[in-house]
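Asks: Sequence:
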Amino acid sequence: MKKKVMGAVYALLTVFILSACSTEDVVTNHSNPKVSVFTTVKPLTKKEFSEVGTSGLTSPSKKDFHKVHMTLTLRGTDYLSDIQVKLPNYKEAFNNMKDDQQTRYWFGSGSDEEQENKNIYTREFVLYTKGLNDKQIKDILAAAKVKTSWVVKDTKAKDQSEFPAGKNIKFEAK
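With mature numbering (1 follows the signal peptide of the UniProt record, and there is no 0) as the guide, the letters of the sequence shown map in order to residues -20 to -1, 1 to 154.
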């Protein structure tokens, strides 16, 4: 009886080891990067507000401005080449709001960084939000789309993806 049990355990272990060595999922895992987007909207600090040019505004205050920080991370990029990422044009989106003649996008910056097996894209900008509520800000951020494309190194296959930029939006209060 012990020999039958040991034989069954040995057979199961062999099946598990062989299935772990299967290469069927390797190609699909390397052809699509995992994408994560996080956006934070928070009020400016006193120091940040002191650096904002407010000429042309009537009685501007610190509470009239917010800073938006967006981080997009592509994981699993070691097997990809010619990665292209087109982030939303937030300046256009906020400055061309329907029924709003106000300049909203004040200034911003961004960076792109390649690390081992991931690419990180960050954008940070200041908005003049007087007269806007959190829902209006969120709606504009959430309506934007991020477009990505890449080439799989092994197969030379081209692929692309589009997804909402405002998936994870968090409002912070100071």
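Calculated directly from the structure, the hints in this document are not laboratory data.
A few of these clues could be false.
What the hints assert, rightly or not - Subject to a maximum C-alpha distance of 20 Å in a straight line, what follows is the list of computed EDC-like cross-link-like pairs (lysine to aspartate or glutamate): (1) 66 to 92; (2) 42 to 79; (3) 47 to 62; (4) 71 to 92; (5) 133 to 79; (6) 127 to 44; (7) 47 to 58; (8) 147 to 104; (9) 110 to 139; (10) 66 to 93; (11) 71 to 104; (12) 47 to 94; (13) 14 to 152; (14) 22 to 93; (15) 27 to 44; (16) 125 to 142; (17) 26 to 139; (18) 127 to 79; (19) 98 to 58; (20) 78 to 139; (21) 138 to 62; (22) 98 to 31; (23) 118 to 79; (24) 47 to 119; (25) 71 to 119.
As the list claims (entries may be wrong) - What follows is a set of in silico ranges between Cβ atoms, one per label pair, in the way DEER data are often shown: (26) 80 to 58: 19 to 25 Å; (27) 104 to 144: 31 to 37 Å; (28) 144 to 37: 29 to 35 Å; (29) 82 to 142: 26 to 32 Å; (30) 136 to 82: 45 to 51 Å; (31) 36 to 61: 32 to 38 Å.
Computed from a prediction, not measured in an experiment: that's the story for all the values here.
C-beta: ideal position from N, C-alpha, C; glycine also.
Asks: Is the Cα-Cα distance between residue 47 and residue 119 20 Å or less?
Replies: holds (16 Å)
Asks: Is it true that residue 80 and residue 58 lie within 19 to 25 Å of each other by Cβ?
Replies: violated (44 Å)
Asks: Hint check: residue 42 vs residue 79, CA-CA at most 20 Å. Holds or violated?
Replies: violated (24 Å)
Asks: Between the alpha carbons of residue 27 and residue 44, is the straight-line distance 20 Å or under?
Replies: Answer holds: residue 27 to residue 44 is near 15 Å, not above 20 Å.
Asks: Check the hint pairing residue 14 with residue 152 against an upper bound of 20 Å on the C-alpha distance.
Replies: Cα-Cα ~26 Å, so violated.
Asks: Regarding the pair residue 110 and residue 139, is the alpha-carbon distance no greater than 20 Å?
Replies: Violated - the C-alpha atoms of residue 139 and residue 110 are around 41 Å apart, more than 20 Å.
Asks: I want to verify a distance hint. Is the separation of the beta carbons of residue 144 and residue 37 within 29 to 35 Å?
Replies: holds (32 Å)
Asks: Given the hinted pair residue 98 and residue 31, is their alpha-carbon gap at most 20 Å?
Replies: violated (33 Å)
Asks: Next pair to validate is residue 47 with residue 58; report whether the Cα-Cα distance is within 20 Å.
Replies: violated (32 Å)
Asks: Between the alpha carbons of residue 118 and residue 79, is the straight-line distance 20 Å or under?
Replies: Holds. Residue 118 to residue 79 sits at ~17 Å (cutoff 20 Å).
Asks: Residue 26 and residue 139: Cα distance at most 20 Å?
Replies: Measuring from Cα to Cα gives roughly 45 Å; hence the hint is violated.
Asks: Check the hint pairing residue 98 with residue 58 against an upper bound of 20 Å on the C-alpha distance.
Replies: holds (7 Å)
When the structure is compared with the earlier hints, violations turn up for hints 2, 3, 5, 6, 7, 9, 12, 13, 14, 17, 18, 20, 22, 26, 27, 31 and for no others.
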